[in-house]
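Dock chains B and C against chain A, hints included.
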Amino acid sequence: MRRNRLAFVWTVATVAAGLCLIAYFFGRDRRLFLPGETTSGHYQIERACDACHAPFQGIRQDACLACHQADLQAAEDSHGPEKFNDPRYAEDLARLDARQCIACHAEHRPEITGAMGVTLPEDFCRSCHGDVTEERPTHEGMAFDSCGSAGCHNYHDNRALYEDFLVRHGEAQPATVAAAWPQRNAWISGETRDAGPLGAGDADSPPASSRPDLIAAWANSAHAAGGVACSDCHAAADAPWSDRPPRAMCSACHELEYQGFTEGKHGMRLAVDLDPMSPAMARLPMHPEALNETLDCGTCHDVHTVNVREAAVDACLSCHADEHSAAYADSPHARLWEREMSGEGDKGSGVSCASCHLPREERRIAGDLRIAVQHNQNENLRPNEKMIREVCMTCHSLALSIDALADKENIRTNFFGMPSGHVQSIDMALTRTEHP
Amino acid sequence: MIRLRSTPCLRLIAAGIFAIGLACCGGPSTSDQPEAGNISPQIMADALHAVLESDRTVYARQVVHRLQDQEEVILASEHWQDEKALPLPAQMFRMGAEMVANKTDAFSYALISKWPVNKQNEPGTEAEIAGLDSVANNPSAAFYARESLGDAEYFTAVYADIAVSPACIACHNAHKDSPRDDFELGDAMGGVVIRILLTE
Amino acid sequence: MEITRGALDAAIAQGCASVEALAESTGASTVCGSCKPLLAELTGSAPAPAEDQKRAGLLVTAAIAVALALAIAFGPPIPLADSVLDQGIGDTLRRDSGWRWSTGFILLGCALIAAGFSLRKRWKRAWWGNIAWWRIGHGAVGVLALIALVAHTGLHIGSGWNRMLTISFLAASAFGGAAAGMAPQRTRLGFWLHVLSVWPLPILIFFHILAAWYF
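These protein sequence lines map, in sequence, to chains A, B and C. Heads up: the first sequence begins at 1 in this note's numbering, then just goes up one per residue. Heads up: the second sequence begins at 1001 in this note's numbering, then just goes up one per residue. Heads up: the third sequence begins at 2001 in this note's numbering, then just goes up one per residue.
Same shape as in the complex, but just chain A:
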């Protein structure tokens, strides 16, 4: 009898546990069912399963493209799906459907995931280009797992690596020239502001919310100079005054910047309605005292001073504690930045963290050429060859740029000294031009 009762309780408990699990399965946080560790590209949003998975339909290709398509199009994707759509590739596609992102980038498979989240063997280029030496005898003896890892080729983005580009920029050029970044001409969406500059006396905050230090900070800011009053942020669109306006407030005017921010590692969680990123969640080394910060516009840009110079170095280094970041202070780039900050150097001649990782980009908006800061810090980072054209070549030769970005030690020391290795690609391209 006792035994039957035990069996009954056991069964009931088991069924109840199963029912609880069903509730959990369709709940908000389902990470218990993750089949494996998520890649560093996606782990921040792994709780938002539906961002990528459609119920009972697997991964939606359009979910990948929703975040990555613009970048791939801008990169003139060397292996975009349209290259494989021709029926003559039907047999190859049956082996590996290269039109699908997940054919090469399976997620949650740490045991087979390599650099750039690729889940194929590293020599995957060999599948189609195994006979490359017939056409390019110079490639004899080169390992197929080095095509994309040695600084010569990239599967998607070859804008700075294609042969004629190497030839055009490969002729003897000075490794480094003095240059300046283009000046921002910030683009403000919405109605054009014609208010003149404002001073401390123009502060239109209610008395209870008028801290003198904040008003002084604002009065010296670009916002005040541009006629942006307290109420424009704290009581926008005739809303009642709020001491802490929502973070999306900034995007009302700085739409491009906010969009970039929510596409990169700093703000991607906001794009899928998760709570903001915090250094505590980071996989890169962070300063322990910064772990509890949360990332929104105000984390890097003090909301009253809106000092973009602080945001360009100090803000980054207050959280990031990896070797590359720690080495910045002693780097040649930092010296240029210090010279510009002290007024010795020309405007735009300094190289801050943001110069390379949140670079100023040309954008065509309604026919106008605008220089805006790309706030998606990942946009030109993975793979780092994407940095060559937009950033490195502003001051450096293509040859030095390629060599430096292929040299892990040089990156670790934040480009202190010259790269130790040399990538042969320019030499090979030049040789072939001279002796076709």
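Hints may contain errors.
Distance condition first, Cα-Cα at most 25 Å in a straight line; then the derived DSS-like pairs of lysine-lysine [as the list claims (entries may be wrong)]:
hint, chain 1, residue 1, chain 2, residue 2
1, B, Lys1176, B, Lys1114
2, A, Lys265, A, Lys408
3, B, Lys1103, B, Lys1176
4, A, Lys83, B, Lys1103
5, A, Lys408, B, Lys1103
6, B, Lys1119, B, Lys1176
7, B, Lys1114, A, Lys83
8, C, Lys2121, C, Lys2054
9, B, Lys1084, A, Lys83
10, B, Lys1119, A, Lys83
Hint data in this document are derived by calculation from the structure and do not stem from the laboratory. Model, not experiment: these values are computed from the prediction.
Same frame as chain A, but now just chains B and C:
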């Protein structure tokens, strides 16, 4: 990650259920006889080719050749984005082909040659090889075949691709990746392949 | 079925001198039969030679199951090919989602067949075949399931839910094998450990499949 939908087993089950459903409904109502107005794959391919060839010839002569060589306004270049130049006629043709392939599986077209600048555009299938030989010998007659690629049947037509503008031969003869440097105006430089999907 | 030592002693006192006679009189050893050597000891008779042979068969399958389970639990994962040219059946099994479904369902099938063994014990009807052979069959199907597990996971224990499933499955296999190999006096402990590790499997498997399908 796992798409059960696409497993052959489920497709088979789905096909079975569909077949039973069809049987219950008395089968498809369309007859196998071509109705008046239906066009054959060959007429379809010929028509497509006429449009493609004409559009590209207009582009090669009236845009590229005129602006680059006669009026010297703008260059045409393989790296047209970087060099702020005109796309080459062959690139314009390819971009169209890629856009079509993104829109429909019903037909596709491509440029192939025995002497391609890009090795990926060598003839690959038997029909492509036979087609290129055929149009090289007799450029005025198209080559037609049926092909089975993957698990689909195609009506495949190959047409001679004639050098219609000096821009074509100048670029191909000078390109360092081109296996031939002696093309002349009017030569068959390769072929246009048009495939019409016959199976669903 | 609970037969006390007292009941057995009473039966022996009434003249049951062999295992068969005890079975006839009290029902002892007619369910799983693992206590037959103990009964033989009680009655003072020697175990039948055929029992030895079956026991050897059982021990072999048990040893394979335990060894496989330990290898999967503690062995290094099977590496995948470093080159696209060297990709073999192992890579296909692990990378191709269709094959992962297939090996998964083969594994599930083996588990269900193995589970059928407990019906033989609990469902009182005339069953075909000797219980000892059924037990060997149970062990053999368990071994097949472990082989399917190797194909399915490539010796990866997995993480999260999948890890719990793998551990539960391996524990069930190891304790099952150990119970079969244990001295008769200890079988009861091994049996309960086996049951305990099998207990969460249905829920673990259900959600594993649901998650694979849903996502």
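Hints versus structure:
1. B/Lys1176 / B/Lys1114: holds (16 Å)
2. A/Lys265 / A/Lys408: holds (22 Å)
3. B/Lys1103 / B/Lys1176: Cα-Cα ~34 Å, so violated.
4. A/Lys83 / B/Lys1103: holds (14 Å)
5. A/Lys408 / B/Lys1103: violated (43 Å)
6. B/Lys1119 / B/Lys1176: Answer holds: B/Lys1119 to B/Lys1176 is near 13 Å, not above 25 Å.
7. B/Lys1114 / A/Lys83: holds (19 Å)
8. C/Lys2121 / C/Lys2054: Satisfied, since the Cα-Cα distance of roughly 18 Å is no more than 25 Å.
9. B/Lys1084 / A/Lys83: Distance of about 23 Å is within 25 Å: holds.
10. B/Lys1119 / A/Lys83: holds (14 Å)
Of the hints listed earlier, those the structure fails to meet are numbers 3, 5, in rising order.
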